[in-house]
Structures are given as structure tokens and as C-alpha cells.
Amino acid sequence: MISDLPTSDGTRVPSAAPSDTAGHRSDQDGQERMASVMPTPATRVAIIGAGRGGTALLDLLHQLRTIEVVGITDRDPAAPGLQRARELHVPTYERLADLISNHRVNLVMDLTGDPGMDRILREQTSGETDILSGPASRLLWDLVRHESALQAELLHSEKLAGIGSFAAGIAHDMNNPLQLILGLAENLLDECDIETVHDQARDIVEAVKRTTAICRDLTSYSRRASSQQNSLIAINGKLDEALKIARYAVALQDIDIRKSYQPDIAVKGNPDELLHVFVNLITNAVQAMDHGGTLTLETTEVQGATRVRVSDTGCGISADLIDRIFEPFFTTKPPGKGTGLGLYNIKNVIHHMHGTIEVESHIGRGSTFAITFPREAPTEDRSRPS
Amino acid sequence: MDEFKSGFFVGGESCNGRVLIVDDEPDIRKVVRLTLHKAGYDVLEAENGAKAIDTINSGENRLLLDVIICDIRMPKVNGIEAIAYFRKNYPRVPLIVLTGFPDTDMATSLLRQGVVDYLVKPVEGDKLKASVARAMEQRELAHL
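Heads up: the protein sequence lines correspond to chains L and E, in order. Going by this note's numbering, the first residue of the first sequence is number 1, and it counts up by one from there. Going by this note's numbering, the first residue of the second sequence is number 1, and it counts up by one from there.
Keep in mind that the hints are not guaranteed to be accurate.
[As the list claims (entries may be wrong)] Heads up, incomplete: computed chain L residues facing chain E, CB under 10 Å, no partners named:
1) E94
2) I181
3) G183
4) Q200
5) A201
If you are wondering where the hints come from, they were derived from the structure by calculation, not from laboratory data. Idealized CB from N, CA, C, for every residue including glycine.
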């Protein structure tokens, strides 16, 4: 939770962040309120097996407000899902019994693939706890993988849809240097002064380089996100790169751009997906400032957590809409102008990086989207017996 | 006072007319100036709509400016706003749009508003000069 965002007169909403549990949201003053989209109590789920299947399931279930993952366990203390659980602040257990006997678990999901596990689980659970194991858990694993592939596809589709809006910016940035090249080349046809010929030939070469750079940036951006999920990403450079791409989608001429970067900070994640997140946030911010304004990009590192804030001085988001902005297919843009998937995908990417995203908005004064990435080192596991 | 001053003398040289190029890109202003200057025009530059309005309202320009060539996508006062201002306050000064982004609806709308030509970058020098020459004819007709 970001603590330095004022809440006095603005509307402030976190996305369904990993720290949320059971569909509740914790306000800054400690008061809890129910999220309006969560009418029923969360299903309490225990995950048995923290290999690839358990890890993927944890990632997926953790994003659902209707599910509370009460813990995960594995015989292998080095299982990847245990590490992921610590990053997400989900309790990990060394002993199966400690997990399933103490938490009024509604559902046990067994992803161990161990044929004997079903019998063990039935012995240790009451009749009120459902158990999902064997072929059913294999089916579940297939569904989780399918869901993961769909999310990647959705992200790419939304990115390509966004590139459609780049047409005006690309045309502007391509046709201006082309005009210079054409005009100078025509002049060179009958230019006799050798110094002028050299100067203008040099200008043509530079204009061609600028045009080439536009093509390079765009082809790089439009490619499918690489599968590298754990690259070390220099945040400041990625924000600058996003600004360069965003200017094709939105005109920045009337925007005062302020940067406040803490040097040399990095996070782990997928660089292509993070670039897409930043492009979307910057584009949204500029679109909110119809008649110009200030776009502020800030990066800070506080107690090991990396924070990125994208702020605008635009129209702001009204209180009745702000709760819905991270929902899929929700958009306030006219038909054909927005997919409604931008902020939904942003939320998914950030959560996949184990971060959180929050928004604070004031009507007529602007909005701030604040992303917090956790420290790299795992936090201390409170539930693991010492 | 006769508003039309085409064919006047600038610095002792014969001048076909005075043209204002409004574009936020210095490269575009440079190349338009180069092309039109060789064709005998006196060329003024403005980097956005606000500067263009200042230019046309300053000194002798309100009388001597013959043609305005205007981009659309610009900071401060954009091309659409600037063109609306020129049409309202200087209806006899012909306007040419020179834009990097072809937009049929916008072109139709601007031509209906009386813009002489809607050119899309990159435009060849001969085409630009022909367009300016047509605008100059319109400028002369406006004074008959």
C-alpha cells in the first residue's frame, strides 16, 4: 500500500492487489470496507504442491477476489511456489496438517500428482472440505495454463489495437522528415554551391536516420512480448522509452513533461510487458489533459520497494467510475476509441510482477497512478515454524 | 487604403508575394522557405498558431501578407484554431493547409471553409509553388 498519497478530498482506489484478501480492501486509516463487486464470502483454498502447477495456480487464484488462498505447502522447501507465496504474502507451511487443519479450509487443491495424496487428504480433512486431486487437478492445471496463454494473447491484442491509434503520430513523424528530404533533394538538383550541397546532403542523411528510428521503435514495440519474465529492467530508461512510443498515440506538444527519477533503480519482470504498461499509463494521462497540462513521471526507492508514479493534471476520474476502471472492457472513451482492456491488462502485468497499482483522482485536478514493486529479497515468512 | 500589395519590392528585389509558413517543425519551415524563396516569394515563419496570429497582426503584415501555409498538428494554438481565426479576421488572405496526416473529413471541412488547397507532406516543390500561385490568383481576385 502506498502511504504517501493524500486521501483527504480525492478518490483513491487500489486495484485488486495481492495484499487484498477475501474481497476486502483496507483503507489507509485502517478501516476496512467491502469491495462492491464481492457480494459473498471468499472461498478459502489450500494449495498442496508448489511446483510449476501450484505456482501457476497460486498466481491465478491470488488475483481473484472470490478466493482466499490460506496457504501452500510442499515437501520440497525449495519448491518455486513457496518462494512465490512469500512474495505474495501467502502463508507457507512445512507440514500439510498445519495448513489444512487450522484454517476452516473450504477447498484443498492437490497438484502434487501423488496418487496416494487423495487418501491422506481425506483422512485429514472434515466432510465440509472439498478435495480436488488426481485427474481433476490435472484438468485444473491444463485450465490454468490455458488461462495464462489467453492473458498473454489478450495483452498482445490490446497492444495491437492501441497501435492503430498511432497512425496520426506516425504519419506526422514520418512525413515531416520526408518533406525535408524531398525539398532538399529537389534543391540539390540545381544547387551549385558545394558547401550548401554538403550541408543539405548531411541534413538528408540525418532525416533518413530519424525516419529509420521511428520504424525500429514501432516494430520493436509491436512484437509479441518476450517470455523473459525475470529480466532486470532499468525503470527510468523504460519510462523514457514509453514516452517516445506514447507520442505516436497522443500529441505531447501542449504537455509540460516533468521527470523526477531516482537514478539506478531496477525491478525484475518482463521488459516488453512493462513497456506496454508505461505506454498505456502515459497515453491515458495525456488523453485526460485535453487542453494541455503537466505530465509527471516519478521513480523512487523506499525501503527496498520501487515506486513509479504517473500523474496528470487532467479531468480526473469521478468517484462512481473509479472503482470500475480496472475491470475488463470498461471504458469511458467513445466507441472505437478504446478497448477497455488497457488498465485491466496493466493490473495483470503488475500483479504478475508481484506489484500493486493504485489510483488517486480529483475531478478537475487530475489523477495519479502509483505502482509499487516489492523488494527483491523475500519477506520473512511468519507462518513457517522457526 | 489598397490592401493588396503583391509585386512589391523587398530589399531592392522584385517579390512575387509574402507568404507565412506556420509549422512547429523547423525543418519544414526551412524547406518551404527554400522552395518559395527560390520562386521569388518573401517567406515569414511562425512555429505555432499563436505566433502566426502575432505575426499577421504585427506591423505591415496585416496589409502585406498574401498567403498563409498552415500545418494542423501544432502546440499552443493548433492549425484548426488558427485557420478559424484567419478566416474570421483576414478573410481575403488565402490559406493552404500543409499537413503530415491526411484526413479526408478534415480536408473536406477545411476546403468548405474556404481553404485553397489541402496538401499532404511530402509535397513536391512544383506542386507547392503551383498551389501558392493559385492562392495568389485568388488573392488578386479578391481585390477586383
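Results of checking the hints against the structure:
Interface restraint check: E94(L) against chain E, minimum CB-CB distance 62 Å, threshold 10 Å, status violated. Because the beta carbon of I181(L) sits about 7 Å from the nearest beta carbon in chain E, less than 10 Å, this interface hint is met. The beta carbon of G183(L) comes within 3 Å of a beta carbon in chain E, closer than 10 Å, and the hint placing it at the interface holds. The restraint placing Q200(L) at the interface with chain E holds, with a minimum CB-CB distance near 9 Å, inside the 10 Å limit.
With its C-beta approaching chain E no nearer than about 14 Å, A201(L) sits outside the 10 Å limit, and its interface hint is violated.
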